[in-house]
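Got chain X; can you put chain C on it based on the hints?
Line by line, the protein sequences give chains X and C. One point on numbering: in my numbering, the residue at position 46 of the first sequence is 1263, and numbering is uninterrupted. One point on numbering: in my numbering, the residue at position 60 of the second sequence is 743, and numbering is uninterrupted.
There may be inaccurate statements among the hints.
Computed cross-link-like contacts, BS3-like style, restricted to lysine-lysine with a CA-CA straight-line distance of at most 30 Å [as the list claims (entries may be wrong)]:
| hint | chain 1 | residue 1 | chain 2 | residue 2 |
| --- | --- | --- | --- | --- |
| 1 | X | K1286 | C | K1006 |
| 2 | C | K1012 | X | K1313 |
| 3 | C | K1076 | X | K1286 |
| 4 | C | K1012 | X | K1346 |
| 5 | C | K995 | X | K1313 |
| 6 | C | K1076 | X | K1301 |
| 7 | C | K1006 | X | K1353 |
| 8 | C | K1006 | X | K1260 |
| 9 | X | K1313 | X | K1441 |
| 10 | X | K1286 | C | K995 |
| 11 | X | K1446 | C | K995 |
| 12 | X | K1242 | C | K1007 |
| 13 | X | K1304 | C | K1006 |
| 14 | C | K995 | X | K1304 |
| 15 | C | K1007 | X | K1313 |
| 16 | C | K774 | C | K874 |
| 17 | X | K1346 | C | K697 |
| 18 | C | K697 | X | K1313 |
| 19 | C | K697 | X | K1304 |
| 20 | X | K1301 | C | K1012 |
| 21 | X | K1440 | X | K1252 |
| 22 | X | K1286 | C | K1012 |
| 23 | X | K1416 | C | K995 |
| 24 | X | K1346 | C | K1007 |
Listed next, with one range per pair, are the computed distances between beta-carbon atoms [claimed, not checked]:
| hint | chain 1 | residue 1 | chain 2 | residue 2 | range |
| --- | --- | --- | --- | --- | --- |
| 25 | X | S1405 | C | N1079 | 34 to 44 Å |
| 26 | X | K1252 | C | V1063 | 46 to 56 Å |
| 27 | X | H1345 | C | N702 | 21 to 31 Å |
Computed footprint of chain C on chain X; a stretch qualifies when at least three of its residues, placed anywhere within it, have a C-beta under 8 Å from a C-beta of chain C [to be verified]:
| hint | region |
| --- | --- |
| 28 | 1273-1286 |
| 29 | 1303-1312 |
| 30 | 1331-1342 |
By construction, these hints were calculated from the structure, which means they are not laboratory data. All C-beta atoms in this analysis are idealised placements derived from N, C-alpha and C, irrespective of residue type, glycine included.
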Amino acid sequence: MNDLKKNNGGGDIVINLEHIGMIYKTGSINYEALKDINLTIYKGEFFSIMGASGSGKSTMMNILGCLDKPTSGKYFLEGMDVSKLDKDQLAEIRNKKIGFVFQGFNLIQRLSVIENVELPLFYAGIPHKEAVIEAKDALRLVDIDENKENNFPNQISGGEQQRVAIARAIVHNASIIMADEPTGNLDSVRSSELMSFFKKINEERNVTIILVTHEPVVAAFAKKHIIVKDGHIVND
Amino acid sequence: MKFPILLDIQSAFKTFTRNKARSFLTTLGIIIGVASVIATVSIGQGASASVQNAINALGSNLLIILPGSSNIGGVKTGFGELSTLTLKDAKAIRKLPAVKTDSANIRMNEQVIWRGNNWATSIMGSSSTFPVIKNWPVTNGAFFNSQQVNTAANVAIIGSTVATQLFGLMNPVGHIVLIHNVPFKIIGELKTIGFNAFGQDQDDIVIIPITTMMEKVAGISWINIIMVSAKSKQDTLSAQNEITALLRQRHHIPPHKPSDFYVRNLTQIAQTAGSSAQIFTILLAAVAAVSLLVGGIGIMNIMLVSVTERTKEIGIRMAVGAKKNDILKQFLIESSVLSLFGGILGIGLGIGISDLISIITPLKTILTIEPIIISIIFSVGVGVFFGFYPAYKASNLNPVEALRYE
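Next comes chain X alone, as it looks inside the complex (with noise of 0.2 Å):
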């Protein structure tokens, strides 16, 4: 941990989880997906986690994107403790806080690019004249022209929606970005032009990325590396 600190410059903390347990009841059968998970991710970082399908990343990655919540243990994001909030209070940490990016892009299919990128500061209440200066600012920052913010999702490429997906995930000033398994639906050319804007993002906005993928050359533009394994966390 010392170790850690020194290498951030003793920088805040964003993510601190505490002795996180996650149990899954299904009838009478428990399944633990999680076992005493501590973990400690600094503000700037770039950070991975990987581990084999089962592991137990999934249900990782719910709970630090505050989807779920886990059944033991405490989260605290910016200081904050998370692990007891009701759903609407875990949908406005989202909407302030986290910015997903999901293996299958996720966008609504029958909103524009540009509503898409919108949606995160419509729930918000920000003005929607407001929004739109926001939104087109983020899809710049993701190099999509302006010609192609009122297509829909099906009319351009994979790689472009992804990069959609990260403008969303940015435009309402996240300071944690989840991206589980981004380049899963992407060739190699297109993973590894994607992955530049998520180091772009994390170098010039400062902004936490958490990685999960399976691929090691993908978690290679992480500068740090977590491996999860039948749910605990074997490499810190």
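This is chain C only, laid out in the frame that chain X set:
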């Protein structure tokens, strides 16, 4: 968390325009429901109005007094066979507080002769108040006045059918006709009013003063019928009671004996007919409202399908910060906009049907603003009510599971 509801509505519209056929079919139930409500209410209102017209055509707040039937050795005659009503009864009735005016009548069939022509018609002896009571004016010449009634003048008012039969296209006013071998001068012609509800030609009539009728034509001292006009529609019932009491007293009828006359309140009869038309309308509208309800269930069904189909979208919205209420609101607005849209189309269709009925059937439908406003409110209500369950289901999805949904 405030943002303009317009954006939600706009987004709801986008959803529908992307699936036009399904949106239309979904709202079809609402369209048909609202259209049938509008159409049936307009039919009902049209029917009520025609009943109202029929009431007015009867005469103004009319009551009819007929002599009772006689019972000779168990054989009952019909109404009007007794000679119990007299002109003095009519005069006494005129003074009652709820009565505006009256007209005593005798009716009999006689041959009317003018030069070489003759025509069998109904001769009626009446009072000078007849045109007022029956709402039946004279269009050519004038009706006889009370002076002419008092002096039993030989004057006659002719109905248009009789005029045509005797005089053709000539003006009958001023000519002398013979009735029962008594000469009468025609001083007026009644407005043509055509057939009554029973197919009787009402214009086939000659009217002479009641006194002349009694003294010179029929030779009787009693009268067949007294028509009474009450002061107002509300007064018809009290007029009926006053007349009954007065005539019983005048005819010295002990309390336990039946009256020797009948008082018929035509306004009341007509009002009863009017209110049954209203009940009929309510029943029809209720059946139409059931189809609106079925339309609402159709909306619920499609909204449930839509929630399932869009589970992923809901998950994405939740991931970027949508709260339960945001999702609830989104789906409620969608179902309301859908049913409002159906309601508006339904109103258009209903107005069309109502107009069509006016054109192809004798019934004149009447459209008012109330059923239209109620239909709009009701259809939005249906959308909110039947949209609530699907919307609630959507808002309670778990974001992790919703995102995983393919």
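Inset, instruction - Find the hints from earlier in the document that the structure breaks and name them by number, from lowest to highest. - result: Result: no hint breaks.
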